[in-house]
Amino acid sequence: MMDGDSTVPDQNVETSLVKSMGRVTNVYIWDMDETLILLKSLLYGTYAEAFNGLKDVPKGVEIGKLWEKHILRLCDELFFYEQIENYNMPFLDALSRYDDGRDLSDYDFNQDGFSSPYDDANKRKLAYRHRVIANKYKQGLPDVFDQEMKKVWDELYDLTDEYTDRWLSSAREFLEECSGRKEDPVPCLASGGVMVNHTDSKFEHINVLVTSGSLIPSLVKCLLFRLDNLITHGNVYSSWEVGKLQCFQWIKDRFNSPNFHFCVIGDGYEECEAAQVMRWPFVKIDPCPGSGHRFPGLTLRTVGYYFDVVYGSSDPENEEDESSSHL
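Residue numbers (the numbering used here): 63 to 389.
Bear in mind the hints are in silico, worked out from the structure with no lab data behind them. Fair warning: this is a prediction, and the values are worked out from it, not measured in the lab. There's no promise every hint is true.
[To be verified] Once the Cα atoms are required to be at most 27 Å apart in a straight line, the calculated DSS-like pairs of lysine-lysine come out as:
id	residue 1	residue 2
1	Lys117	Lys127
2	Lys212	Lys185
3	Lys213	Lys121
Based on the sequences and whatever the hints tell you, model everything.
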């Protein structure tokens with residue numbers, strides 16, 4: 063459910079990242095399903111079928127069902143999903159103006175009367191729930207799970223990673239490289255043919271998730287698939303109600319500076335079309351074996367070429383050299 067109350071998240075944090083003239087911030091806008099994670103293609107068997115008999119299809123389906131069970135359980139037990147699933151917001155701060163900052167340590171969410179009509183009083187109650195969800199996301203699952211559940215989670219992750227030839231861990235490593243937390247061993251092209259590695263202080267990097275799924279399950283997926291320390295809860299958007307183009311426009315408004323360069327990475331038509339409207343580069347993920355646009359396989363060097371096509375050179379010295387070559 064979506065209304066006209068949603069506002070663009072505060073951009074002060076983002077704009078503070080670009081304090082010096084000439085610093086470029088690359089904003090990577092990710093799809094989730096069949097991009098950073100595999101779930102639907104496991105459930106439907108399409109991932110395994112693409113390997114022409116080399117993958118055990120029923121095993122993949124069973125793995126997908128296990129993930130589905132854990133996602134739904136966490137949604138209901140920790141994230142109020144049964145109460146709020148009909149009130150999907152595009153991001154957690156969408157109703158922040160209704161949150162009066164009340165201490166929620168003794169608040170009874172089961173007895174506060176949250177329901178329709180969707181008036182200001184219920185919007186405040188929904189905003190309370192969003193605040194708790196944000197805090198639980200920041201806390202992370204290792205502090206929530208007991209040892210037995212953590213073991214089950216670790217084993218399922220490792221089983222899935224092995225079955226998918228390291229798709230999950232490779233996607234996570236790529237996010238680390240995009241975040242600048244893990245240096246790419248090979249210098250890459252970043253926004254305009256400039257060869258850099260991710261220790262270069264001229265470049266900042268931000269990961270944003272725009273998923274077609276509803277918000278709460280998407281946040282739970284980030285937690286379960288170990289993406290939460292690489293994508294903050296404020297950078298998770300659900301396009302379920304509003305569409306990806308609207309989410310992309312909000313993101314552009316947040317990072318409102320010519321020093322921000324955007325690239326969309328996903329597998330679907332909607333994000334491709336929205337990226338074209340925004341005139342942003344789009345990298346299409348292809349899960350088929352042998353494709354370079356998959357995990358493992360996709361590299362920062364490849365993504366750098368896409369930035370280069372749209373944004374051209376961002377290095378003054380490089381531009382001077384190019385100008386001299388025309389004299």
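Hints, verified against the model:
1. Pair hint lysine 117 plus lysine 127 holds up; C-alpha atoms about 17 Å apart against a cutoff of 27 Å.
2. Pair hint lysine 212 plus lysine 185 does not hold up; C-alpha atoms about 34 Å apart against a cutoff of 27 Å.
3. As the CA atoms of lysine 213 and lysine 121 are separated by approximately 20 Å, the hinted pair is consistent with the 27 Å bound.
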